[in-house]
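A.B. asks: Chains A and B, in that order, are what the protein sequence lines are.
Counting along the first sequence from 1, when you hit position 321 you're at 321 in the numbering used here, and nothing is skipped either side.
Counting along the second sequence from 1, when you hit position 190 you're at 1190 in the numbering used here, and nothing is skipped either side.
Derived by calculation from the structure, the hints in this document are not laboratory data.
Ideal Cβ placement from N, Cα and C applies to all residues, glycine included.
Among the hints, a few may not be true.
As the list claims (entries may be wrong) - With beta-carbon atoms standing in for the labels, derived distance ranges: (1) E1133(B) - N35(A): 28 to 34 Å; (2) G304(A) - G1187(B): 53 to 59 Å; (3) N1031(B) - P319(A): 42 to 48 Å; (4) N31(A) - G1154(B): 30 to 36 Å; (5) K1005(B) - L186(A): 30 to 36 Å; (6) A1278(B) - R108(A): 44 to 50 Å.
There are 2 protein chains.
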Amino acid sequence: MMAQKIITMSHGNGGRLMHELIDVLRVKFSNRILNEMADAAELDIKGNRLAFTTDSYVVKPLFFPGGDIGKLAVFGTVNDIAVKGAKPLYISLAFIIEEGLDFLTFERIAKSIQEASRKAGVFVVTGDIKVVERGSADKIFINTAGIGVIEYKGRISSRARKEDAIVINGSIGEHGLAILNARENLGFESSIKSDCRNLNLEVKRCLSKSRKIHVMRDLTRGGLATSLCEIAKSSSLGIEIDEESIPVRKSVQKACDILGFDPLYIANEGKFVCFVSAGDAEKVRRAMSPRARIIGRVTSQHKGKVYLKTRIASSRILPMLESDLLPRIC
Amino acid sequence: MMAQKIITMSHGNGGRLMHELIDVLRVKFSNRILNEMADAAELDIKGNRLAFTTDSYVVKPLFFPGGDIGKLAVFGTVNDIAVKGAKPLYISLAFIIEEGLDFLTFERIAKSIQEASRKAGVFVVTGDIKVVERGSADKIFINTAGIGVIEYKGRISSRARKEDAIVINGSIGEHGLAILNARENLGFESSIKSDCRNLNLEVKRCLSKSRKIHVMRDLTRGGLATSLCEIAKSSSLGIEIDEESIPVRKSVQKACDILGFDPLYIANEGKFVCFVSAGDAEKVRRAMSPRARIIGRVTSQHKGKVYLKTRIASSRILPMLESDLLPRIC
Chain A
1 MMAQKIITMS HGNGGRLMHE LIDVLRVKFS NRILNEMADA AELDIKGNRL
51 AFTTDSYVVK PLFFPGGDIG KLAVFGTVND IAVKGAKPLY ISLAFIIEEG
101 LDFLTFERIA KSIQEASRKA GVFVVTGDIK VVERGSADKI FINTAGIGVI
151 EYKGRISSRA RKEDAIVING SIGEHGLAIL NARENLGFES SIKSDCRNLN
201 LEVKRCLSKS RKIHVMRDLT RGGLATSLCE IAKSSSLGIE IDEESIPVRK
251 SVQKACDILG FDPLYIANEG KFVCFVSAGD AEKVRRAMSP RARIIGRVTS
301 QHKGKVYLKT RIASSRILPM LESDLLPRIC
Chain B
1001 MMAQKIITMS HGNGGRLMHE LIDVLRVKFS NRILNEMADA AELDIKGNRL
1051 AFTTDSYVVK PLFFPGGDIG KLAVFGTVND IAVKGAKPLY ISLAFIIEEG
1101 LDFLTFERIA KSIQEASRKA GVFVVTGDIK VVERGSADKI FINTAGIGVI
1151 EYKGRISSRA RKEDAIVING SIGEHGLAIL NARENLGFES SIKSDCRNLN
1201 LEVKRCLSKS RKIHVMRDLT RGGLATSLCE IAKSSSLGIE IDEESIPVRK
1251 SVQKACDILG FDPLYIANEG KFVCFVSAGD AEKVRRAMSP RARIIGRVTS
1301 QHKGKVYLKT RIASSRILPM LESDLLPRIC
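Build the full structure now, drawing on both the sequences and the hints.
C.D. replies: This is how it looks when you write it as structure tokens:
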């Protein structure tokens, strides 16, 4: 049986099947740092706490409303470092280019990376370029890895605590829909733009307001729902969220209604959640951003599960993303 | 004119055209650390000197005599850190997988990564998985980034000094030929195996013998000749090497003669050169490895150029690798 098992697009969507692949790696590489399974690893090098992370970017199309692969490659990695409670400092930049890509596209992407890295305050310090034959890649793939320094006095991990409040910094679902719209020419109103942006400054403001922030997570592949499922699982606690409190733009809700998508599962590139002791939640929310909302709480009931209280006051369990909703959105 | 310029396979071979692409990036991202253009960046984080590097691996075929893409992805990055005079500690691991790859191949590669990382003494601490459609990648690409700590009391840079001796740790050309042989079924004797291995222990022994090591470089894409050209250029000094002193296995020389290749330009994955004050050269050579040789010296003549003294006592300039000798060898 195993011999015939192949890897499918669904293994890359951030959902349940991807966790099957990740589990292969977790078993092989098991170590205290990796086992945390955070967006960024926390390293201790000679008494300095560093955050270290990597992501490859294969987004299609390369340019989309609100961003492009270069901007995504910088901010995605910067954000993974930021939500570890760290100040991003340095990034690496590795290109895999399909033979035939025109120089101007390469230069346009390089310029976008330049602007994004300036905005986020990080330096590109090392890199790599590989070129493969036509048909062996899709125009250009980018990998970035990043290093930041953790100065936060509290401790950010993958484990929320009982009674934590969950704060989100804004509305969900924009990035995934913007990509889909650009790729498939669905013709939704152009107001749906990717939310692609750096979170390090927002995160910094939050950290300055409370030492009781326990988990932060940016809501990329798999969306808000999958991130919350991961946190419920790694915390062995339950999560309850209120549908009504979750910000969703009208244009996004409308597009989701037409397409049969749930915004809770759509990827974002400028949204994060913060799990903080309930007493500090309102302070953190105010510091975070004007559109920030408290959307739920952590409970000791229904361990490992996420409950959504719907608008009509019913309640349902949110599973991890299962099917292949939107491939190659980052 | 620029609008029609496209990126070709030769832009990825480590030679002159790749430097054209790199120059685009150097201009955009110019900073003190990047401008060093070393295999690994040297970072100072709160008084700790760290080495940070990245490489993507697109080797074809995935498995070849002496190694595979997983082993290469670990040792390649470990070696870039080592030749910066650093002790490799942590690596990241990012996969881009083509839909349809079988699970067993993925597991076999993961196992190879596990063995290689144990051998080199590094921990995989963070990672990423992306899956793209059939025809949008070639089976699997791997990116690793790595962090090491620089404990060397001397200073390794890209600048050699006048009168430095050049020491190499063994014979050249094996990796590139092993890949070509495996890919094209050339049927050379199976004795040509990739030299793919970790250099961190050899480097450590060298560092312990001299504080006057000025440059180290692993001899990957573009081979020994291209690495020396880069160092001559960045040092604004001349380099002279003796053809007779450069170790080349008979099987490699024979294959090169048949194919019309020059072993000086063929990639290695377990070879490095060390530029060290002449007085310490013999000590370093002995510590390095049984097959290590002193192959040349740095001069203040013919600045920026590499001269090869041939076996028949003539002398010629070695240019950077120009044409597309062997694509996708790492």
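A.B. asks: Each of the hints needs a verdict: does it hold here or not?
C.D. replies: Here is what the structure says about each hint:
1. E1133(B) - N35(A): 28 to 34 Å: holds, 32 Å
2. G304(A) - G1187(B): 53 to 59 Å: Given about 57 Å between the Cβ atoms, the range holds.
3. N1031(B) - P319(A): 42 to 48 Å: Given range 42 to 48 Å: holds, Cβ gap about 45 Å.
4. N31(A) - G1154(B): 30 to 36 Å: holds, 32 Å
5. K1005(B) - L186(A): 30 to 36 Å: Between K1005(B) and L186(A), where Cβ atoms are some 33 Å apart, the hint holds.
6. A1278(B) - R108(A): 44 to 50 Å: holds, 48 Å
Taken one by one, the earlier hints all hold for this structure without exception.
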